[in-house]
Amino acid sequence: MNVEVLLEEIISFIGIYYILTAGLNVKAGMTGIPDFGHAMFFAVGGIVVGNLSARIAAAAAASQLHVSAWQAVKMVISNNTELMARVNEILPHMPGVSIIIILFSVIAALILGGLLGWLASYPALRLRGDYLAIMLLAASEGTRIFAMYYKPLMGKTPTVGLTVPNAFGFTGNAGLWSTIFILILALLVYIYAERLYHSPSGRLFRAVRDDEASAEAIGKDIAKVRRDAMIIGSALAALAGVAYSFSPWIAGSSVAAISIFDRVLWTFWPWALMILGGMSSNKGAALSSVILGALLIGPIRIYKNDIAAALHVESLGIDPGNFANALEYILVAALIIIVLFVKPKGLIPEYPSRTVSKDEVKATIDKIARERAA
Amino acid sequence: MDWNLFTSTTIYASVLALLSLGITLIYMTTKVFNFAHPRLSLVAAYAAATLMAYYAEATGAQPNLTPKHSFLGSLTVPFSWEFYAIGILVSMVFGVIAALVEYYAILKPLQKRGADYLMLMIATLAYDFLLVATLFIYNTHVDVRKVLARIGVLSTKMSMASYDVTVVTGGGVFISGSFIFSVILIVLLGLSLYILLFKTTLGVKMRASVENPPLAEVLGINVERVYAISWIISGLTAGLAGYLMLMAAGAGNLKPISATSPADEIVVSAFAGSIIGGVNSVFGSIVGGLLIGYIELYIPNWLAIWTGNAELFKYSKVISMLAVAITLLFAPEGLAGLLKGERWKRFFGKKEEEG
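Chains as they are written, first to last, in our numbering: chain F, 1 to 374; chain G, 1001 to 1355.
To be clear, the hints were calculated from the coordinates, so they are not data collected in a lab.
Glycine included, C-beta positions come from ideal geometry on N, C-alpha and C.
Any given hint could turn out to be false.
Claimed, not checked - The calculated DSSO-like cross-link candidates involving lysine-lysine, where the alpha carbons are at most 27 angstroms apart (straight line), are:
#1 K343(F) / K1314(G)
#2 K345(F) / K1314(G)
#3 K343(F) / K1031(G)
#4 K343(F) / K283(F)
#5 K283(F) / K345(F)
#6 K74(F) / K151(F)
#7 K1031(G) / K1108(G)
#8 K1314(G) / K156(F)
#9 K156(F) / K1112(G)
#10 K156(F) / K1031(G)
Said to hold, decoys possible - A few chain G residues that face chain F, going by a derived Cβ cut-off under 8 angstroms, partial list only:
#11 L1110
#12 L1118
#13 A1123
#14 L1189
#15 L1193
#16 V1268
#17 F1271
#18 K1314
#19 Y1315
#20 M1321
#21 I1326
Unchecked claim - On the chain F side, residues computed to face chain G include the following (Cβ under 7 angstroms):
#22 F104
#23 A108
#24 L127
#25 E141
#26 P152
#27 L187
#28 L188
#29 Y192
#30 F268
#31 N325
#32 A326
#33 I330
#34 V332
#35 L340
#36 V342
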């Protein structure tokens, strides 16, 4: 396999999983909301790209397809594969539209993901602990089944799904530029998450997680804090969904309900990454994404069949293809169990946040005192 | 009334009731929602199917699908009774083994290290993945395929529904062995749990250990043993659910058995049953599981007839998700909370007081 492609694939993996884990970290790590329905928010990104952005692309390309814009928009669902194949031939010649589609997808995913997070925060305000985990898992499963069979959302067949608009086609090298796009998103999310971690609101998130009663006693609105965390975390998950959908290496050319709602890939893997890195630790989430992306997820997804062949499992009567599939499950399970036993606090445990220095506090107090005196 | 829908729904509801009961028992004693629970059934089903097939091979038995006349009507018994007995026994044994491995190898050591509920939940997930991987490798193994193929069972889409005992009565009513088995099973299970929990010293000890473990320990009750017993019961019921999944694949929302199916689809429904019953009530979980099974299939059926849109049937699982949401948000104590009167207290357990 081409080294460049492998590198792009691994970087895309790292970027997508980091953004996803960072979102989960805000909810579960920092605020203590055990979100077992993270895949639901990730799927929002996929739906935005496959459904909404594809409609924009179709409307823009309509004049060259000799149909009205409205007809093209309707055909995105009714005749997805044929229409999008033709749209994707036209789209590379429209750089402006492509850039609008990318920007629209990012913004729409952030808004819709945040909105869904806000809706899901309603139970998060009333329930605690494991009940909430089950509730969110059930919500995610319910949404998954709805999306699988509701045709206007994800197309006719849940396994085929919707073709993604080739928004990076205009660059000439969609693989490279989508990787750069994912990398930029991941860096922006890292900077944001790091700032959030050290900011007063980040410290408030952790205060609510550790002791709700005390946070309430000093006049903080617990409901608002939990709601904010759900909105931020879910919006980031939807962003990861957009990054995934635009990556020709990871998503391929289409998004299907069956893959974007996958609870193993998009809920349990981020949980494993978060626990490995250290709950609530942003640096830990980044480190574990890099380590696992570079060492495990990427190479194993790509080379699992070669590993199975190299181990000569067929001589034991084991089917190599299924052994390869099982390998991924065994690795994630073993990793989780080892981390829980050996290093339950993770690779980089939660670190103290940078706060304002003593001198600065003193200067501020003096300033306020002077203003009062004046 | 549609008789076939009723029997297949009853089997499905019994499977859910068995799984919900196991989930509740584990939650009451170990304080963790066991995500791996439905997978224990699949392990049991694979073990049972393999050994049943080996038995058929060893005795050279061939499935005999010609109906006989009996006093009930035309009766079909494809294999001898030992064949089914082996299936039931093996599924129970392997259900218990898989459950005890989970408890003693993973959950108990983690609890001793002071893991919180989140870590335990994640650990049950990890165990679930290990079982999936094992089944992936197991069900495509050459020997397993060969032995199952001998009695005409596909190892990655396993179903023994065609070898179920069936009766077609004189009036043309179709009754399957799994239906009768599931009804008897639920009644017996309810009775024996009632006797165990309320009529024996062990039952008193069990209830005491659940209500207040430290106090029970001070009074000389071996809490560890009580926990082990509840894990054994929950493994046993998971195994029986696996046997039903094998013999009645296709009933209700039960798909043929593979490494992932039907556990992946059924897990949320089983949790729904447990939650609707009120997570701290043994009898509530049985009733909750049955209830979820019936509403999951009957409500879409009625809706489909009412609106004339058969597509609605696909959304049947959404109903159990809604049931979970409604229960948790509006009646978090579940059925046990709704039926709190003196008359019911005995069956549904006392409401847990929280400060």
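Now for the hints, and whether the structure bears them out:
Distance hint between K343(F) and K1314(G) is unfulfilled; the C-alpha atoms sit about 44 angstroms from each other, more than 27 angstroms. A distance of roughly 43 angstroms separates the Cα atoms of K345(F) and K1314(G); the hinted pair therefore is violated under the 27 angstroms criterion. Distance check on the hinted pair: K343(F) and K1031(G) sit about 22 angstroms apart at the alpha-carbon level, within 27 angstroms; holds. For a cut-off of 27 angstroms, the pair hint linking K343(F) to K283(F) stands: about 16 angstroms separates their Cα positions.
Between K283(F) and K345(F) the alpha-carbon distance is near 13 angstroms, which keeps this suggested pair within the 27 angstroms criterion. At most 27 angstroms may separate the alpha-carbon atoms for a hinted pair to count; K74(F) and K151(F) meet this at roughly 12 angstroms. With a C-alpha separation of about 11 angstroms, the suggested pairing of K1031(G) with K1108(G) holds against the 27 angstroms cut-off. Under the criterion of a C-alpha separation no larger than 27 angstroms, the hint pairing K1314(G) with K156(F) is consistent with the structure, at around 14 angstroms.
For a cut-off of 27 angstroms, the pair hint linking K156(F) to K1112(G) is broken: about 50 angstroms separates their Cα positions. Restraint check for K156(F) and K1031(G): not satisfied, since their Cα atoms lie roughly 42 angstroms apart, outside the 27 angstroms limit. Taking 8 angstroms as the C-beta contact cut-off toward chain F, the hint placing L1110(G) at the interface holds, the least distance being around 6 angstroms. The criterion of a C-beta within 8 angstroms of any C-beta in chain F is met by L1118(G), whose closest approach is roughly 6 angstroms, and the hint holds.
The interface hint given for A1123(G) holds, since its Cβ lies 6 angstroms from the closest Cβ of chain F, which is under the 8 angstroms cut-off. Contact between L1189(G) and chain F, as hinted, is not supported at the beta carbon level, the nearest pair being about 24 angstroms apart and thus beyond 8 angstroms. The beta carbon of L1193(G) comes no nearer than 23 angstroms to any beta carbon in chain F, farther than 8 angstroms, and the hint placing it at the interface is violated. Interface restraint check for V1268(G): the shortest CB-CB distance to chain F comes to about 5 angstroms, inside 8 angstroms, so the restraint holds.
At a threshold of 8 angstroms, the smallest CB-CB gap from F1271(G) to chain F is about 5 angstroms, leaving the interface hint in force. The interface hint given for K1314(G) holds, since its Cβ lies 4 angstroms from the closest Cβ of chain F, which is under the 8 angstroms cut-off. Hint status for Y1315(G) relative to chain F: holds, with the closest Cβ pair at about 6 angstroms, below 8 angstroms. Proximity of M1321(G) to chain F holds as hinted, the smallest CB-CB distance being about 3 angstroms (cut-off 8 angstroms).
About 11 angstroms separates the beta-carbon of I1326(G) from the nearest beta-carbon of chain F, more than 8 angstroms, and the hint is not met. Evaluation of the F104(F) hint against chain G yields a violated restraint, the C-beta minimum of about 30 angstroms exceeding 7 angstroms. Restraint check, A108(F) versus chain G: the minimum CB separation of about 25 angstroms is more than 7 angstroms; hint violated. A hinted interface residue such as L127(F) counts as satisfied when its beta carbon comes closer than 7 angstroms to some beta carbon of chain G; here the least separation is about 6 angstroms, so the hint holds.
The beta carbon of E141(F) is positioned within 7 angstroms of a beta carbon in chain G (closest approach about 5 angstroms), and the interface hint is therefore held. Interface restraint check: P152(F) against chain G, minimum CB-CB distance 13 angstroms, threshold 7 angstroms, status violated. With 7 angstroms as the threshold, the beta carbon of L187(F) stays out of range of chain G, its nearest partner Cβ sitting at about 29 angstroms, so the hint is violated. Here the hint on L188(F) is broken, as its CB sits about 29 angstroms from the closest CB of chain G, past 7 angstroms.
Look at Y192(F): its Cβ only gets to about 25 angstroms from chain G, farther than 7 angstroms, so that hint breaks. Hint status for F268(F) relative to chain G: holds, with the closest Cβ pair at about 6 angstroms, below 7 angstroms. For N325(F), the suggested interface contact is upheld, since its CB lies about 6 angstroms from the closest CB of chain G, less than 7 angstroms. The beta carbon of A326(F) comes within 4 angstroms of a beta carbon in chain G, closer than 7 angstroms, and the hint placing it at the interface holds.
Annotation: I330(F) was flagged as interfacial toward chain G, and the flag holds, the nearest CB pair being 4 angstroms apart, inside 7 angstroms. A hinted interface residue such as V332(F) counts as satisfied when its beta carbon comes closer than 7 angstroms to some beta carbon of chain G; here the least separation is about 6 angstroms, so the hint holds. A hinted interface residue such as L340(F) counts as satisfied when its beta carbon comes closer than 7 angstroms to some beta carbon of chain G; here the least separation is about 6 angstroms, so the hint holds. A hinted interface residue such as V342(F) counts as satisfied when its beta carbon comes closer than 7 angstroms to some beta carbon of chain G; here the least separation is about 10 angstroms, so the hint is violated.
Hints 1, 2, 9, 10, 14, 15, 21, 22, 23, 26, 27, 28, 29 and 36 from the earlier list are contradicted by this structure; the remaining hints agree with it.
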